[in-house]
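Chemist: Below, each chain spelled out in residue letters.
There are 2 protein chains.
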Amino acid sequence: MNLLDFLVPVEELVRRDGPEGCVVISSRVRLARNLEGMPFPGRAKKSDRAKALERIQEAVAQLPQMEGGLIRQMDSFSSWEKQALVERHLISREHAANGEGSGLALSRDQSVGVMINEEDHIRMHALLPGFQLEAAWRAIDELDTLLEERLDYAFSAKLGYLTACPTNVGTGIRVSAMLHLPGLVFAEQINQVIQAVNKLGLAVRGLYGEGTEALGNIFQVSNQMTLGESEEEILAKLRKVTAQLVEHEQNAREALLEKKPRMVFNTVGRAFGTLANAFTISSKEAINLLSVWRLGVELGMFPGVPRALADELLLLCQPAHLQLIRPREMKPEERDILRADLLRSRLAAVARPSLPPNHSDALDK
Amino acid sequence: MNLLDFLVPVEELVRRDGPEGCVVISSRVRLARNLEGMPFPGRAKKSDRAKALERIQEAVAQLPQMEGGLIRQMDSFSSWEKQALVERHLISREHAANGEGSGLALSRDQSVGVMINEEDHIRMHALLPGFQLEAAWRAIDELDTLLEERLDYAFSAKLGYLTACPTNVGTGIRVSAMLHLPGLVFAEQINQVIQAVNKLGLAVRGLYGEGTEALGNIFQVSNQMTLGESEEEILAKLRKVTAQLVEHEQNAREALLEKKPRMVFNTVGRAFGTLANAFTISSKEAINLLSVWRLGVELGMFPGVPRALADELLLLCQPAHLQLIRPREMKPEERDILRADLLRSRLAAVARPSLPPNHSDALDK
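So the sequence lines, in the order shown, correspond to chains A and B. Position 23 (the first sequence) corresponds to 22 in numbering that gives the first Met the number 0; numbering is contiguous. Position 169 (the second sequence) corresponds to 168 in numbering that gives the first Met the number 0; numbering is contiguous.
Here chain A stands alone, though its shape is the one from the complex:
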């Protein structure tokens, strides 16, 4: 089966709105687990990896969550399909590089998934739209419980779950929220906020996770420690910090609109002008401009336009999503053209922004 036929259509995906969706794009909890008595994937022989893969696939296939889902080996995907899975945050960039001996399971609705033989034998996650860390935790905890009934996990009474990298030992949990923070970026408060979050022992990363840029003012906040705190404590900390970040971001947006309306309208207007009138555009530029436009949509500068349109275009403008809608392999310049054509056509019906009638002529403060 073509992966595209399985993936939730983008226009449907972006309509799955979650709480605080204006700031919190998605909530994610992942657990790292390994099989007892089997070498970790990075050190395993080919035959051991194959054995682990088989055992885990079999166990995962029996889970009710996987009914109607997809269970495949990584070498059955084209590299563009793997890239599309990265763009949807369904697999890690590292897992996209894996082939034979690695696998992937996704539930029908793609809210839960299991990477097999990534860094650990099992990396399972739940991914939900908006601010739903609790729900994501419950979903993955339930899957983990069912899986543990079918598999022997490597577990130490002293350390907890054993993992390939010591940073995951213990609970093996990583709780993260993907946040859209253009207000804090424009207000030049983002670095201060990142430092404060880091001091709480949490990590702030870019759009595609560890070691990636904060493209499009999108930041991932997650726990760094997995040992010494319970899952509930980690979850509670992430929930609290995320709620604070949402508040900071909303305050920053309100303050910008009150104190620097011209700056906001100018930045958003120009971003829209370029998106709606370019005839070639890179994915990086498109994502950065769409991020700014998304803020404008949130601020009511484009009446009647749903945020979902910005989210849809943010996904569709990424290279693999663009490539997969075309039958033949495109050069990067061809994708840049297709991306611009798509943006112009999807934004053709969106009216240009205008200042609210009560807006004063005054300069920004």
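Note that these hints are calculated values from the structure, not bench results. These numbers were taken from a predicted model, which means no experiment stands behind them. Misleading hints may appear alongside valid ones.
Identical chains blur together in the list; that is why a pair holds if it fits in one copy or across any two.
[Claimed, not checked] For lysine-lysine, the following BS3-like pairs were computed, each having C-alpha atoms within a straight-line distance of at most 25 Å:
(1) Lys364 / Lys258
(2) Lys364 / Lys259
(3) Lys364 / Lys330
(4) Lys198 / Lys239
(5) Lys198 / Lys236
(6) Lys330 / Lys259
(7) Lys157 / Lys330
Following the hints, complete the assembly by docking chain B onto the known chain A.
Modeler: Just chain B now, kept in the frame of chain A:
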């Protein structure tokens, strides 16, 4: 009288279309003359300057060309009014710095004018839209003849007309064409063309003349020598070179549209997107983007939009033209806001560009 009430309204001015107006914005011929037996303005005492001014004003006032025109001393203009005269190319930047003891005469239609006590006692010019060097020459030659009947010019049988700067001695003529050359700039042929023109003994300058930048891809081509060639020879050379530049520019535009349509549409589309959606914009950025948009209008990317709209906005976006429509002095940031508001409102009815239906998907060559 308010200068603005005298100046031809911008919307009327830009409808005065001339031959080859798509490339040749205007044609200009100016003559430098001085009074016999009077020190040049730069060396004259105040009383001598005043005497020269009075004599010339009196003579100019009698000319039929000045019926219904304006004859004023430079200190009667506000500095914004002088700046507006510079933006219309009716006086030099140097003359805008002059006050008491200097003067200006302009015909009712502003096609001919006389600067009094600029660098020379008399700098008279004819300025016509489009490629009309001959007509400009005839107009100024006629004015010069009538003026010479009323004033004693400093003239040497050996050298010709005497001027303050030796570069003007002889004929005192400067013939120039203001050219819009975005095609040559985008095709990266402009430097080569400028070098070739320089080798012919002609100068290439920016939008506001000597020592100014080529804002908005606008270049002035003019003779450098005034001695050793007759007016007719100088005129013939300028006419020939201008005609060649028009041809080169048109070839460059055609070649761009044929070989790099995406690049052209992308550059023009983005320029339009910014102009139509910015909420603050500097005059430099506006002029550069309007120049690109003017090219797009010429190339038919905005069906039904006249080139005059681009020319009108090019004039209106300049600082003094903006300032003079408001009763109170604005800060530069306020002008940037007013400029953006003006552009958005004037471009509101202009539809976004779209590729012609027969345009292929092919990459640029």
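Chemist: Indicate which option fits the pair Lys198, Lys236 if close means a Cα-Cα distance not exceeding 25 Å: within, between, both or neither.
Modeler: within (13 Å within a copy, 74 Å between copies)
Chemist: What label fits Lys364 with Lys259 when the C-alpha limit is 25 Å: within, between, both, or neither?
Modeler: Close inside one copy (6 Å), not across copies (44 Å); limit 25 Å.
Chemist: Within, between, both or neither: how does the pair Lys364, Lys330 come out at a Cα-Cα threshold of 25 Å?
Modeler: between (46 Å within a copy, 14 Å between copies)
Chemist: Is the C-alpha distance from Lys198 to Lys239 at most 25 Å within one copy, between copies, in both cases, or in neither?
Modeler: within (14 Å within a copy, 73 Å between copies)
Chemist: One pair to classify: Lys330 and Lys259, alpha carbons no more than 25 Å apart. Within, between, both, or neither?
Modeler: Classified as between; 17 Å across copies, 41 Å inside a copy.
Chemist: As a check of your reading, is Lys157 near Lys330 (CA-CA no more than 25 Å) within one copy, between copies, both or neither?
Modeler: Result: close neither inside a copy nor across copies, 53 Å intra and 70 Å inter.
Chemist: Using 25 Å as the alpha carbon limit, work out where Lys364 and Lys258 are close: within a copy, between copies, both or neither.
Modeler: within (5 Å within a copy, 48 Å between copies)
Checked against the numbered hints given earlier, this structure breaks only hint 7.
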